[in-house]
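From just these sequences and the hints, can you work out the full model?
For the record, the sequence lines run as chains W and B. The first sequence maps to residues 1 to 290 in the numbering used here. The second sequence maps to residues 1001 to 1290 in the numbering used here.
I should point out that these hints are in silico values taken from the structure, not numbers from a laboratory. Misleading hints may appear alongside valid ones.
[As the list claims (entries may be wrong)] Restricting the straight-line Cα-Cα distance to at most 20 angstroms, the calculated cross-link-like pairs of lysine-lysine (PhoX-like) are: (1) B:K1284 x W:K131; (2) W:K26 x W:K45; (3) W:K131 x B:K1281; (4) B:K1028 x B:K1131; (5) B:K1131 x W:K223; (6) W:K27 x W:K61; (7) W:K145 x B:K1271; (8) B:K1216 x W:K209; (9) W:K216 x B:K1284; (10) W:K271 x B:K1245; (11) W:K284 x B:K1284; (12) B:K1271 x W:K245; (13) B:K1271 x W:K281; (14) W:K223 x B:K1145; (15) B:K1223 x W:K131; (16) B:K1032 x B:K1165; (17) B:K1223 x W:K223; (18) B:K1216 x W:K284; (19) W:K32 x W:K131; (20) B:K1003 x B:K1027; (21) W:K281 x B:K1223; (22) B:K1245 x W:K281; (23) B:K1284 x W:K223; (24) B:K1131 x B:K1145; (25) W:K209 x B:K1271.
Protein chains: 2
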Amino acid sequence: MSKPFYEQIAIIGTGMMGTSLGMSIKKKGLCKKVIGVDRNFDNLKTARGLSAIDSYTDCLKDGIADAVLVIFATPVLSTFEIAKRMVYAVKKDAIVTDIGSTKAELVSRMTELFYEHSNYIGSHPITGTEKSGAINAVDGLYEGKRCIITPVDGTDGFTIEAITKFWESIGSEVAVMDPDTHDRVMATVSHLPHAVAYALIAGVMEGEKSGHELLKYAGGGLKDFTRIAGSDPLMWRDIFMSNSKEVLNSIERFSRTLERLGSLIRAKDMKGIYDFLDGVKDFKRRMVDR
Amino acid sequence: MSKPFYEQIAIIGTGMMGTSLGMSIKKKGLCKKVIGVDRNFDNLKTARGLSAIDSYTDCLKDGIADAVLVIFATPVLSTFEIAKRMVYAVKKDAIVTDIGSTKAELVSRMTELFYEHSNYIGSHPITGTEKSGAINAVDGLYEGKRCIITPVDGTDGFTIEAITKFWESIGSEVAVMDPDTHDRVMATVSHLPHAVAYALIAGVMEGEKSGHELLKYAGGGLKDFTRIAGSDPLMWRDIFMSNSKEVLNSIERFSRTLERLGSLIRAKDMKGIYDFLDGVKDFKRRMVDR
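Written out as structure tokens, the structure reads:
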């Protein structure tokens, strides 16, 4: 595979994800210049200090004017709002992508918005940490991770090929999915676990109002949940909002499964409980084997 | 604090927890001889190889005959059954404890059983890993961890003092709780998170039947849950069985909290969702600060 080379890449949003991506782009030598665009100068300066970007601006139009690849690394619900304000200024043949965690709603709106101006395609690199801000950028965050791209009927082959090459050059393994399937799969494997973790911690905090400092007695289990539930609330608000249907479906399915375990416990069904718990063994083995 | 010294300690059950405890007892020099009692000779030999025990036997009576401290490191529901078979052979003044994760039911039965024969007191060291078997024993597993002891009205002061000294000498920080409070607190901070993790993974596995290999797209969130849900099914069956009332209560409370988040998502209440998610921040900070 020949390595792509871009004259200029603009990263809109230099938080943890955007800055980490800039670091990889620079390290892999995929372009001459990366421009960071953000309203938050702390993030911009930190990203510059980490050599994730070559220059920065808080002016959208200036930032993207000469970019041949524009990457939105913004919270999902902000992406379209920002896109509306810059679509007219994007270079005619520029490729535009985003790295948002939900795709159906956004891809549909972005595809329409950019239809005449450029080549938009959605991306979702499956990576991240629970920390936010450029200061928490991670070198190699995208390497060895899957990146789902979500072309639609109108996406042209050149765009698909170009974005595939881009992510592969970063070190990611590209998978293709339609936006609806993507959102359904992600609701199950990512959005639901986060909703559950948030609810679990919220419940423990309520329990503490009864007087016990429960945290003192928390073992490993709760600690893992706490880490997950410590993810950026703004990012997750946007994910839950923009994938509400599938998230609600997955919450409902999960509640039924938990109720099934509850019924077994209520019935003191020793064999039933054991089989339920033992049933996840296979999944764990596959997870470890990955 | 003067370090206690025991002529002989018997550990019944040389799995991961029992073997790790033997390692600490030996390392801290708390006794002349540790005897491991188990039906599983693989565990016994491994424990011996790790110098967690000095000798071993599969004969309960021989194992505990000369022990002045007997520690049950067996699944909660097995403990009482085993105890019934050896109670007559325990030394008159021996201290007996267990390290089970639920206390109310077991402590009540054990207290009655050992009433005339020895000094029983329940212990629950809040530590562990999701792995089982002597082969997975961890050096220092109990050090720096909390251990809850659960005396009841009839427990004499000498027993409380002795077991406190024992755990402190191991390196644990001792807290005192009555068995009912213990079980209520643990249902919230430990048993519920495990039930939820098991149900979550069971749900994903069902989802896979629809054809997608969901695991391929799982990010960090699901991985943490998988680790928790990979805990020993027998141990957790016993925990859910022996603390069924509090576990069911905590599942019900949790379901209501999750439903509250679901309602906010259904209503597309951006501020409500954000506040819900942001609300756990404080808990996370306290968790990290520990």
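Hint by hint, here is what the structure shows:
1. Only pairs whose Cα atoms come within 20 angstroms are accepted, and K1284 (chain B) paired with K131 (chain W) is accepted, the gap being roughly 12 angstroms.
2. Proposed proximity of K26 (chain W) and K45 (chain W) is supported: the alpha carbons are some 16 angstroms apart, at most 20 angstroms.
3. As the CA atoms of K131 (chain W) and K1281 (chain B) are separated by approximately 12 angstroms, the hinted pair is consistent with the 20 angstroms bound.
4. Straight-line distance between C-alpha atoms of K1028 (chain B) and K1131 (chain B) comes to about 24 angstroms, which puts the hinted pair past the 20 angstroms bound.
5. Taken as a hint, the K1131 (chain B) and K223 (chain W) pair is honoured in the structure, with Cα atoms around 17 angstroms apart against an allowance of 20 angstroms.
6. For a cut-off of 20 angstroms, the pair hint linking K27 (chain W) to K61 (chain W) is broken: about 26 angstroms separates their Cα positions.
7. With a CA separation close to 33 angstroms, the supplied pair K145 (chain W) and K1271 (chain B) exceeds the 20 angstroms bound.
8. With a C-alpha separation of about 40 angstroms, the suggested pair K1216 (chain B) and K209 (chain W) falls outside the 20 angstroms cut-off, and the hint is violated.
9. Between the alpha carbons of K216 (chain W) and K1284 (chain B) the distance comes to roughly 13 angstroms, so the proposed pair stays at or under 20 angstroms and holds.
10. Distance check on the hinted pair: K271 (chain W) and K1245 (chain B) sit about 18 angstroms apart at the alpha-carbon level, within 20 angstroms; holds.
11. Of the pairs offered as hints, the one joining K284 (chain W) and K1284 (chain B) is violated, with about 26 angstroms between alpha carbons and a cut-off of 20 angstroms exceeded.
12. Between K1271 (chain B) and K245 (chain W) the CA atoms are separated by roughly 18 angstroms; this keeps the pair inside 20 angstroms, and the hint holds.
13. The hinted pair formed by K1271 (chain B) and K281 (chain W) fails the criterion: a straight-line CA distance of about 39 angstroms is larger than 20 angstroms.
14. In summary, the hint linking K223 (chain W) to K1145 (chain B) is supported, as the alpha carbons are separated by about 14 angstroms, within the 20 angstroms threshold.
15. Straight-line distance between C-alpha atoms of K1223 (chain B) and K131 (chain W) comes to about 17 angstroms, which keeps the hinted pair within the 20 angstroms bound.
16. Proximity of K1032 (chain B) to K1165 (chain B) is assessed by CA-CA distance (about 17 angstroms); at most 20 angstroms being required, the pair is judged to hold.
17. Distance hint between K1223 (chain B) and K223 (chain W) is fulfilled; the C-alpha atoms sit about 14 angstroms from each other, no more than 20 angstroms.
18. Taken as a hint, the K1216 (chain B) and K284 (chain W) pair is honoured in the structure, with Cα atoms around 13 angstroms apart against an allowance of 20 angstroms.
19. Restraint check for K32 (chain W) and K131 (chain W): not satisfied, since their Cα atoms lie roughly 29 angstroms apart, outside the 20 angstroms limit.
20. With a C-alpha separation of about 13 angstroms, the suggested pair K1003 (chain B) and K1027 (chain B) falls inside the 20 angstroms cut-off, and the hint holds.
21. Our distance criterion of 20 angstroms between C-alpha atoms is met by K281 (chain W) and K1223 (chain B), whose separation comes to about 13 angstroms.
22. About 26 angstroms separates the Cα atoms of K1245 (chain B) and K281 (chain W), which puts this hinted pair outside 20 angstroms; it is violated.
23. Note on K1284 (chain B) and K223 (chain W): the hinted pairing holds, with a Cα-Cα distance of about 9 angstroms set against a maximum of 20 angstroms.
24. Simply put, K1131 (chain B) and K1145 (chain B) have alpha-carbon atoms about 18 angstroms apart, close enough for the 20 angstroms limit, and the pair holds.
25. For a cut-off of 20 angstroms, the pair hint linking K209 (chain W) to K1271 (chain B) is broken: about 23 angstroms separates their Cα positions.
Checked against the numbered hints given earlier, the structure breaks hints 4, 6, 7, 8, 11, 13, 19, 22 and 25 and satisfies all the rest.
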